[in-house]
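Using full-length UniProt numbering, read the sequence shown as starting at 1 and increasing by one per residue.
Careful, some of the hints might be misleading.
[To be verified] Cβ pair distances, simulated, as ranges: (1) T86 - K56: 25 to 33 Å; (2) P69 - K140: 42 to 50 Å; (3) D123 - L76: 21 to 29 Å; (4) A144 - S115: 52 to 60 Å; (5) P138 - K56: 39 to 47 Å; (6) A61 - K95: 21 to 29 Å.
[What the hints assert, rightly or not] Simulated crosslink set (DSSO-like; lysine-lysine; CA at most 27 Å straight-line): (7) K95 - K116; (8) K92 - K116; (9) K68 - K95; (10) K104 - K140.
Simulated from the structure, these hints should not be mistaken for lab results. Glycine included, C-beta positions come from ideal geometry on N, C-alpha and C.
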Amino acid sequence: MSLSFWNPNSVFAGFDDPFFDPMPSTLLGIPPSLTPFKTDTMRHSSPRYEVTENDKQFRLAIDVPGVKPDDMKIELEHEGRVLHMTGGRKVKTDKSFEEYKFEKRFTLGRDLDTSKITAHLSDGVLVLTAPKKEKVAPEKREIAITQGEAPALMDETK
Numbered sequence: 001m002s003l004s005f006w007n008p009n010s011v012f013a014g015f016d017d018p019f020f021d022p023m024p025s026t027l028l029g030i031p032p033s034l035t036p037f038k039t040d041t042m043r044h045s046s047p048r049y050e051v052t053e054n055d056k057q058f059r060l061a062i063d064v065p066g067v068k069p070d071d072m073k074i075e076l077e078h079e080g081r082v083l084h085m086t087g088g089r090k091v092k093t094d095k096s097f098e099e100y101k102f103e104k105r106f107t108l109g110r111d112l113d114t115s116k117i118t119a120h121l122s123d124g125v126l127v128l129t130a131p132k133k134e135k136v137a138p139e140k141r142e143i144a145i146t147q148g149e150a151p152a153l154m155d156e157t158k
């Protein structure tokens with residue numbers, strides 16, 4: 001798969017697997033109910049998302065009902081390896097406004113051409129699409145061997 005949760009503090013950044021959790025919260029005496037970041041409830045809460053891919057492209061569909069394009073920001077970080085999405089919306093209640101904000105980061109696979117990512121918003125669903133890089137067969141070439149002294153290292157100061 002070409003997507004995983006991004007955790008900058010994890011030794012295993014990019015792995016969303018409790019097997020790789022270096023310090024399970026239960027060992028620290030924290031009840032599982034107080035560690036919502038490891039549960040499906042928190043993972044799939046606001047906003048929900050769906051990942052699909054095939055041999056040619058990757059697609060991430062994110063539910064953002066009521067959010068306008070001007071109220072969202074999508075950026076690539078860490079040399080195009082991390083997708084960072086932030087946004088929010090305001091909902092009017094009886095006499096005030098409630099503001100809902102979200103922030104998600106996803107680690108993208110190296111097989112994606114992140115320079116060609118597109119984003120489309122329609123009917124409350126933001127769809128990000130990225131083509132996969134074409135797999136190039138490894139090139140094989142013969143290197144000629146010259147007899148004699150090897151050249152000196154190049155001087156970087158010139």
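Checked hints:
For T86 paired with K56, a C-beta distance near 29 Å keeps the hint of 25 to 33 Å intact. In this structure the hint that P69 and K140 lie 42 to 50 Å apart at CB holds, the actual value being about 48 Å. Judged by the Cβ atoms, the range 21 to 29 Å given for D123 and L76 holds: they are separated by roughly 25 Å. Remark: the range hint 52 to 60 Å for A144 to S115 is contradicted by a beta-carbon distance near 36 Å.
Roughly 21 Å separates the CB atoms of P138 and K56, a value that falls outside the hinted 39 to 47 Å. In this structure, A61 and K95 break the distance hint of 21 to 29 Å, their C-beta atoms being roughly 35 Å apart. Between K95 and K116 the CA atoms are separated by roughly 44 Å; this puts the pair beyond 27 Å, and the hint is violated. Only pairs whose Cα atoms come within 27 Å are accepted, and K92 paired with K116 is rejected, the gap being roughly 37 Å.
Distance restraint check for K68 and K95: the Cα-Cα separation of roughly 23 Å lies within the 27 Å cut-off, and the hinted pair is therefore satisfied. Between K104 and K140 the alpha-carbon distance is near 42 Å, which puts this suggested pair outside the 27 Å criterion.
Of the numbered hints listed earlier, those contradicted by the structure are 4, 5, 6, 7, 8, 10.
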